Amino acid sequence: LFDGHNGSAVAVYSKKNLLNNVLSAIPPDLNSDEWVSALPRALVAGFVKTEDFQERAQTSGTTMTFVIIEGWVLIIASVGDSRAVLESAEGGLYYLSADHRLECSEEERERITSSGGEVGRLNTGAGTEIGPLRCCPGGLCLSRSIGDMDVGEFIVPVPYVKQVKLSSTGVRLIISSDGVWDAVSAETAFECCRGMPPDAAASQIVKEAVQAKDLRDDTMYIVVDIQPPDKPDSQKLPPKKKGKGVFKSMFRKKHLESSSQVDKEEYGEPDLVEEMFEEGFPMLELPGEERGHGREKTFWRYVNMYHHVIIF
Numbered sequence: 001l002f003d004g005h006n007g008s009a010v011a012v013y014s015k016k017n018l019l020n021n022v023l024s025a026i027p028p029d030l031n032s033d034e035w036v037s038a039l040p041r042a043l044v045a046g047f048v049k050t051e052d053f054q055e056r057a058q059t060s061g062t063t064m065t066f067v068i069i070e071g072w073v074l075i076i077a078s079v080g081d082s083r084a085v086l087e088s089a090e091g092g093l094y095y096l097s098a099d100h101r102l103e104c105s106e107e108e109r110e111r112i113t114s115s116g117g118e119v120g121r122l123n124t125g126a127g128t129e130i131g132p133l134r135c136c137p138g139g140l141c142l143s144r145s146i147g148d149m150d151v152g153e154f155i156v157p158v159p160y161v162k163q164v165k166l167s168s169t170g171v172r173l174i175i176s177s178d179g180v181w182d183a184v185s186a187e188t189a190f191e192c193c194r195g196m197p198p199d200a201a202a203s204q205i206v207k208e209a210v211q212a213k214d215l216r217d218d219t220m221y222i223v224v225d226i227q228p229p230d231k232p233d234s235q236k237l238p239p240k241k242k243g244k245g246v247f248k249s250m251f252r253k254k255h256l257e258s259s260s261q262v263d264k265e266e267y268g269e270p271d272l273v274e275e276m277f278e279e280g281f282p283m284l285e286l287p288g289e290e291r292g293h294g295r296e297k298t299f300w301r302y303v304n305m306y307h308h309v310i311i312f
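Read in order, the letters of the sequence shown are residues 1 to 312 in the UniProt record's numbering.
Treat the hints as calculated values from the structure; they're not laboratory data.
Quantities reported herein were computed from a predicted structural model and do not represent experimental measurements.
Warning: the hint list may mix true and false statements.
[Unchecked claim] Straight-line alpha carbon distances no greater than 35 Å define the calculated DSBU-like cross-link-like pairs of lysine-lysine that follow:
hint, residue 1, residue 2
1, 165, 207
2, 15, 207
3, 16, 213
4, 207, 16
5, 49, 15
6, 165, 15
7, 213, 15
8, 49, 165
9, 49, 16
10, 165, 16
Could you put together the complete structure from these sequences and hints?
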């Protein structure tokens, strides 16, 4: 999912080129397990290579939330504020991506200010501050994106990456732009479309968001059901649960403040979804010699951080 801003050029370019850039970063002749293990590093490389489009003098930018499903393994990489949430057949809600709005992450604000940028709200001139937190120069509300060549180099294309092993009983995945999550909670999103096929579910969720805030901007949605092939259609969606769903704490090692409805959900104990890998690069710093220039240095600084996999 690509949510562009200040024009569509970078979003369109990223849609056409991101997948090839990721796949080209994976060594050839790998078996299935090796291919899956290589994906986190390849996703970082692919995002940064796609960012090279910035050199074409484009001032537009885009968020990117990119998901690869290989069997029962799901790998997600994201920059920006287009979020991904999963509901398991057991009723657990899982928060799969980070929110890179400056409003939502103290770590990201510290990273920008330590790199020479400034973070603040718009000033009306009478001493009153309005609107969300923005970076200066540039005025962007996000700490990570693709493109945006008119902002400082502290706005990076390095994605938050998570790799999980899914429950074989089935899951539903929802990916959406920020306008939807700001209007409806994750629990409401899953509940309002329960029993519907994915296409109808996506339309219903957007309808709920539009009714909630009377806005039609930033209301993109993708719904994907990942289910055992032997289940009939009538059994493929998670059963309706009584009471309030909870987000599973195993997917949030650090709590980030957020104005998003998603962040206000309650957390609970993990169920049958297993985390395999997570990396968010909170400060994005590595010692040693830097290669390249501009944002190319971003890749060479951080790609070597992918030397381990966390197994639970």
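Going through the hints against the structure:
no., hint, verdict
1, 165 <-> 207, "31 Å, holds"
2, 15 <-> 207, "25 Å, holds"
3, 16 <-> 213, "32 Å, holds"
4, 207 <-> 16, "28 Å, holds"
5, 49 <-> 15, "13 Å, holds"
6, 165 <-> 15, "26 Å, holds"
7, 213 <-> 15, "28 Å, holds"
8, 49 <-> 165, "27 Å, holds"
9, 49 <-> 16, "13 Å, holds"
10, 165 <-> 16, "28 Å, holds"
In this structure, none of the earlier numbered hints is contradicted; all agree with it.
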